[in-house]
Amino acid sequence: MPSFLKEFFNRNGTGMGLTILGLVLFWTIGLIILPQLSMLDFSFRPNLPPPEIGGPKDVYTLENYKYLIYGPEGGSQDYNTVDLRVFFRTLVAAVCVTIFNLILCYPIAYYLGQSKGSHIRIFAIMLIIPYWINEILRAFALRIIFGETGVLNTLFVGLGIWDTPFDFIRNDIALYAGLGYAYILLMIFPIYNVIESLDRNQIEAARDLGAPWWRIHWRVVIPYAKPGISSGCTMVFMLSAGALAAPQILGGPSSLWFTQLIYQQFNDNNDWPQGAAYAVVLLVTCILFVLAMMRLFKVNMGDIGK
Amino acid sequence: MSAGIGVDLESLWIRFGDFVAVRDANVHIEGGDFFSFLGPSGCGKTTILRAVSGFLEPSEGNVLIGGKNMKGIGPNKRPTALIFQNLALFPLMKVWENITFSMEIKGASAAERRRRADELLDMIALPDQGDKLPSELSGGQRQRVAIARALCAEPDVLLLDEPLSALDLKLRQHMRTELREIQQRVGITFIYITHDQGEALTMSDSIAVMRAGVIDQIADGKTIYNDPATAFAASFVGENNVFRGKVKRVMGDEALIATNRSGDLVARISTANRGKLAEGDDAMMFIRPEAFAIAPEGATGDHFVTARVTHEEFEGNAFNIFTEGDGGKEIKVSIPNLGQSFKDHTGQNITLEYDARNAVVVPAGELAAE
Chain A
261 MPSFLKEFFN RNGTGMGLTI LGLVLFWTIG LIILPQLSML DFSFRPNLPP
311 PEIGGPKDVY TLENYKYLIY GPEGGSQDYN TVDLRVFFRT LVAAVCVTIF
361 NLILCYPIAY YLGQSKGSHI RIFAIMLIIP YWINEILRAF ALRIIFGETG
411 VLNTLFVGLG IWDTPFDFIR NDIALYAGLG YAYILLMIFP IYNVIESLDR
461 NQIEAARDLG APWWRIHWRV VIPYAKPGIS SGCTMVFMLS AGALAAPQIL
511 GGPSSLWFTQ LIYQQFNDNN DWPQGAAYAV VLLVTCILFV LAMMRLFKVN
561 MGDIGK
Chain B
101 MSAGIGVDLE SLWIRFGDFV AVRDANVHIE GGDFFSFLGP SGCGKTTILR
151 AVSGFLEPSE GNVLIGGKNM KGIGPNKRPT ALIFQNLALF PLMKVWENIT
201 FSMEIKGASA AERRRRADEL LDMIALPDQG DKLPSELSGG QRQRVAIARA
251 LCAEPDVLLL DEPLSALDLK LRQHMRTELR EIQQRVGITF IYITHDQGEA
301 LTMSDSIAVM RAGVIDQIAD GKTIYNDPAT AFAASFVGEN NVFRGKVKRV
351 MGDEALIATN RSGDLVARIS TANRGKLAEG DDAMMFIRPE AFAIAPEGAT
401 GDHFVTARVT HEEFEGNAFN IFTEGDGGKE IKVSIPNLGQ SFKDHTGQNI
451 TLEYDARNAV VVPAGELAAE
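One line per chain: the protein sequences are A and B, in this order. Position one of the first sequence corresponds to residue 261 (this note's numbering), numbered consecutively onward. Position one of the second sequence corresponds to residue 101 (this note's numbering), numbered consecutively onward.
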């Protein structure tokens, strides 16, 4: 038995230790790894009616992955441009949402982290309470704000600033606002946690040595907050790329999110293997992208946990 | 020497809401001086430093650096550099980057910065340590890096906020000498904040003694020690024995004090209070432990004190005798150990003798907390 396990059992006792260990293993293996492996297995099999599953036609194949790239066999185009375009657009949009969120949340997190007093707690509560409302209701609330006869259009047209209502939905503004808003806390809190521990004297020392405010952030605060920033960005990117409710409710008719394609394959087309292949591609691409970014910005895996 | 840039505080008031942190401070700091603000924690000395460095706007009054009013000028535009109590080195920058941060701001090239960093590292006796991170250095080394970082900005005035308080005793004493040497080498004005009278006395050209937002006395260390202006200055700087009483008679520079406990005693009126003490005024008389000598038994007069010895201790360089004193306080007497034989007096009455020139009387006032 490795020493860390021995120490773990010594500290918690055998009974409690086994219970905790069992629950953790059940959680990671039973609820995460096995279902994902089963999805991976699905993605390499043909879509067969139930009687034929396990029959001679049930063999491993790359058909489902080929479909994403080349489209249906004998189709009119060489590549599956429709789905591929949705795939890349989703990734680019998730990157944009992440950057937008970072720009929005860094000042808030900095303010919360460096100010003292009870009003900070009130601000934090005001940020958290809206998240008691479920995601779908929040998305519909944004629809009410951004819709053609929504609050913003009524206001601006009524004031005579715009002649005709602006279509926030078709222009994806509602979608970006919705996605940005959905994950704002996951960006603010990791950055806030790190910045809160930054010694105020460091900021004053930089200022005393002649640094203007942007330089203080660039050289002192941001390098210090890097673990929090990378943790927040990773979460926001992963969750935006995998979001379903916001694109479904706030997305324009022409702007499908890749998760919506996956959803269609599972539910509308009843093609689980195809849906699983799409999901695997999205997951693996996102992980590779995040790892590449971590490499680029010299972030350690341990920092993500902060 | 007045080659350096001086600092003046003119009728400086600093308030935080109803709380007055600094009350009407008027200080002239000579250019090139090592000037200390000495006082217990919470007396407003750090507040003054923050007002000089520009992190805090005074409520009233002016801060002048080199005769120029600093009102509205931010800390990044003032010719001052501040060394923080916790040093505030940038943990993610290498030592040489830390030191030359101010040059980086001005856009100096990396090669130029590296060269300057090496010069400064030589000066602070840390050659070849430039590529380390601050966390890889010892406390004393970090201390010196903080000084180099501040000096690299070529300030006219260096401000130090209790920079030695985090070091252990030996290192602290060593750094005192080193700081004083550096100050004399660079020749700029140092303003030093401390609650440690030893630091203030050993390093400073001038000391301002502060109490609850008020500056009690500004003078060189010897004057403050020998000729305190207030009861607080007398009791805060060095060990001192207090005798409370009333002025019975003023005789030129001396006064006869009717003490509450020890009869009539004579003492020199401190210079700042000459002509201000009149008969019947409440007064406090101070005699240092080392100013006492043991007198023949039964001697009486206006420079003899008789008291019962409570306990004694041997400190190596001195024998300390503690007797019952005024207001529940003990009288401490230090007899230098010159190899003489020493009799235990515990429980007995002892007669002590002092020279009136070594006893000083000031108006009754607040004493420093022990």
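There could be a bad hint or two in this list.
Unchecked claim - Lysine to any residue pairs mimicking SDA-like chemistry, simulated, CA-CA at most 25 Å apart: (1) B:LYS194 <-> A:LYS376; (2) A:LYS486 <-> B:ARG123; (3) A:LYS376 <-> B:SER141; (4) A:LYS486 <-> B:LEU237; (5) B:LYS232 <-> A:ARG475; (6) A:LYS376 <-> B:LYS168; (7) A:LYS558 <-> B:GLU130; (8) B:LYS177 <-> A:HIS477; (9) A:LYS376 <-> B:ASN186; (10) B:LYS432 <-> B:ALA464; (11) A:LYS558 <-> B:LYS194; (12) B:LYS168 <-> B:ARG123; (13) B:LYS348 <-> B:ALA372; (14) A:LYS486 <-> B:ALA372; (15) B:LYS177 <-> A:ASN560; (16) B:LYS177 <-> A:PRO513; (17) B:LYS177 <-> A:ILE482; (18) B:LYS194 <-> A:SER457; (19) B:LYS194 <-> A:ARG555; (20) A:LYS486 <-> A:ILE404; (21) B:LYS194 <-> A:LEU548; (22) B:LYS171 <-> A:TRP474; (23) B:LYS177 <-> A:LEU548; (24) A:LYS486 <-> B:SER235; (25) B:LYS171 <-> A:ARG555; (26) B:LYS232 <-> A:ASN560.
As the list claims (entries may be wrong) - Non-contacting residues of chain A with respect to chain B, defined by C-beta distances greater than 12 Å in every case (computed): (27) GLU323; (28) PRO472; (29) ARG475.
In short, the hints are calculated from the structure, not lab data. Quick reminder that beta carbons are idealized off the backbone N, C-alpha and C, glycines included.
Against the structure, the hints:
For the given pair, B:LYS194 sits about 30 Å from A:LYS376 by alpha-carbon distance, which is inconsistent with the 25 Å threshold. Restraint check for A:LYS486 and B:ARG123: not satisfied, since their Cα atoms lie roughly 43 Å apart, outside the 25 Å limit. Proposed proximity of A:LYS376 and B:SER141 is supported: the alpha carbons are some 22 Å apart, at most 25 Å. Annotation: proposed proximity of A:LYS486 to B:LEU237 holds, straight-line Cα distance about 24 Å (limit 25 Å).
A distance of roughly 23 Å separates the Cα atoms of B:LYS232 and A:ARG475; the hinted pair therefore holds under the 25 Å criterion. Distance restraint check for A:LYS376 and B:LYS168: the Cα-Cα separation of roughly 34 Å exceeds the 25 Å cut-off, and the hinted pair is therefore not satisfied. For the suggested pair A:LYS558 and B:GLU130, the alpha carbons sit about 50 Å apart, so the restraint of at most 25 Å is broken. For the hint pairing B:LYS177 with A:HIS477, the CA-to-CA distance comes to about 18 Å; that is within 25 Å, so the pair holds.
For the hint linking A:LYS376 to B:ASN186, the alpha-carbon distance of about 20 Å falls within 25 Å, and the restraint holds. A hinted pair counts as satisfied when its Cα atoms are at most 25 Å apart, and B:LYS432 with B:ALA464 qualifies at roughly 20 Å. Restraint check for A:LYS558 and B:LYS194: the C-alpha separation of about 17 Å stays at or below 25 Å, so the hint holds. Among the hinted pairs, B:LYS168 with B:ARG123 is consistent with the structure: their alpha-carbon atoms are about 22 Å apart, no more than 25 Å.
For the suggested pair B:LYS348 and B:ALA372, the alpha carbons sit about 19 Å apart, so the restraint of at most 25 Å is met. Restraint check for A:LYS486 and B:ALA372: the C-alpha separation of about 58 Å exceeds 25 Å, so the hint is violated. With a C-alpha separation of about 38 Å, the suggested pair B:LYS177 and A:ASN560 falls outside the 25 Å cut-off, and the hint is violated. The suggested pairing of B:LYS177 with A:PRO513 is violated, with an alpha-carbon distance near 56 Å, which exceeds 25 Å.
A distance of roughly 23 Å separates the Cα atoms of B:LYS177 and A:ILE482; the hinted pair therefore holds under the 25 Å criterion. Under the criterion of a C-alpha separation no larger than 25 Å, the hint pairing B:LYS194 with A:SER457 is consistent with the structure, at around 20 Å. The straight-line distance between the Cα atoms of B:LYS194 and A:ARG555 is roughly 22 Å, inside the 25 Å bound, and the hint therefore holds. Taking the CA atoms of A:LYS486 and A:ILE404, the gap is near 37 Å; set against the 25 Å cutoff, the hint is violated.
As the CA atoms of B:LYS194 and A:LEU548 are separated by approximately 32 Å, the hinted pair breaks the 25 Å bound. Proposed proximity of B:LYS171 and A:TRP474 is supported: the alpha carbons are some 23 Å apart, at most 25 Å. With a CA separation close to 47 Å, the supplied pair B:LYS177 and A:LEU548 exceeds the 25 Å bound. Distance check on the hinted pair: A:LYS486 and B:SER235 sit about 18 Å apart at the alpha-carbon level, within 25 Å; holds.
The straight-line distance between the Cα atoms of B:LYS171 and A:ARG555 is roughly 48 Å, outside the 25 Å bound, and the hint therefore fails. For the given pair, B:LYS232 sits about 20 Å from A:ASN560 by alpha-carbon distance, which is consistent with the 25 Å threshold. Consistency note on A:GLU323: stated as away from chain B, and its beta-carbon is indeed over 12 Å from all of that chain's, at 51 Å minimum. Consistency note on A:PRO472: stated as away from chain B, yet its beta-carbon is not over 12 Å from all of that chain's, at 7 Å minimum.
Distance check for A:ARG475 against chain B: the nearest CB is about 6 Å away, which does not clear 12 Å, and the non-interface claim fails.
In the structure shown, a violation is registered for the earlier hints numbered 1, 2, 6, 7, 14, 15, 16, 20, 21, 23, 25, 28 and 29, in ascending order.
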